[in-house]
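First to last, the protein sequences are chains S and W.
Reminder that position 10 of the first sequence reads as 10 in this note's numbering, one-by-one numbering, no gaps.
Just add 114 to the spot in the second sequence (first one is 1) and you have this note's numbering.
It should be emphasised that the hints constitute simulated quantities derived from the structure, not laboratory data.
Note that the coordinates shown come from a computational prediction; the quantities given were computed from them, not determined experimentally.
One should not assume that every hint holds.
[As the list claims (entries may be wrong)] Calculated cross-link-like contacts (lysine-lysine; reagent style DSSO-like; alpha-carbon spacing at most 30 Å): (1) S:13 / W:182; (2) W:156 / W:221; (3) W:185 / W:170; (4) S:13 / W:156; (5) W:182 / W:221; (6) W:221 / W:170.
Single-letter residue listing:
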Amino acid sequence: ETGVTQSPTHLIKTRGQQVTLRCSSQSGHNTVSWYQQALGQGPQFIFQYYREEENGRGNFPPRFSGLQFPNYSSELNVNALELDDSALYLCASSPGDLHTDTQYFGPGTRLTVL
Amino acid sequence: GESVGLHLPTLSVQEGDNSIINCAYSNSASDYFIWYKQESGKGPQFIIDIRSNMDKRQGQRVTVLLNKTVKHLSLQIAATQPGDSAVYFCAEKGAGSYQLTFGKGTKLSVIP
Chain S
1 ETGVTQSPTH LIKTRGQQVT LRCSSQSGHN TVSWYQQALG QGPQFIFQYY REEENGRGNF
61 PPRFSGLQFP NYSSELNVNA LELDDSALYL CASSPGDLHT DTQYFGPGTR LTVL
Chain W
115 GESVGLHLPT LSVQEGDNSI INCAYSNSAS DYFIWYKQES GKGPQFIIDI RSNMDKRQGQ
175 RVTVLLNKTV KHLSLQIAAT QPGDSAVYFC AEKGAGSYQL TFGKGTKLSV IP
């Protein structure tokens, strides 16, 4: 087990709604990254947070936003949901400092947008 | 753009045989590579990683080989077991980059 947990495990929303997904990293893991994994594809990088600040972002629109808290928890918020947002959302945490490369993934949240 | 890809989308092996999963990458600036195993309904599980200053790294029953000349990465699994059945992803990270870039994955099926 990685010690990374995510909630909820499954979620169903309708188009246009907003969603908040949560992640809890291991104690001491200062870096958290979020990924979107469409069915049959590899994970795609959304953004990364280090010590509560966003320090890297992939090719996702601003309606994808995040927060990281001092207690090693974080959130992914998605506004104005679209059908194509249906995917498995993964968070991954890294121990140590900003330049630690290894990322440990949580089990993911399966989001379905109807 | 730069990408990481896999040669074979599916691989079937007999239990007890060795498995080799291949991966090609195109970003010459990549300096860190990692293999993940993903079982159905679960998140990716770290298997083994390697930095660009190495050619080979071994773990428990797994070996990763890196050929920077041809930009090729492989994962070898010794004495493959039914529990090894999963989708395997390689991912790369460029120097100074924040993100891991994943390929599409190879599905490994172990025949009992």
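Status of each hint after checking the structure:
1. Of the pairs offered as hints, the one joining residue 13 (chain S) and residue 182 (chain W) is violated, with about 45 Å between alpha carbons and a cut-off of 30 Å exceeded.
2. Restraint check: the Cα-Cα separation between residue 156 (chain W) and residue 221 (chain W) comes to about 14 Å, which is no more than 30 Å; the hinted pair holds.
3. For a cut-off of 30 Å, the pair hint linking residue 185 (chain W) to residue 170 (chain W) stands: about 14 Å separates their Cα positions.
4. A threshold of 30 Å between alpha carbons decides the hint, and for residue 13 (chain S) with residue 156 (chain W) the separation of about 21 Å falls inside it, so the pair holds.
5. With a C-alpha separation of about 24 Å, the suggested pair residue 182 (chain W) and residue 221 (chain W) falls inside the 30 Å cut-off, and the hint holds.
6. Taken as a hint, the residue 221 (chain W) and residue 170 (chain W) pair is honoured in the structure, with Cα atoms around 23 Å apart against an allowance of 30 Å.
When the structure is compared with the earlier hints, a violation turns up for hint 1 alone.
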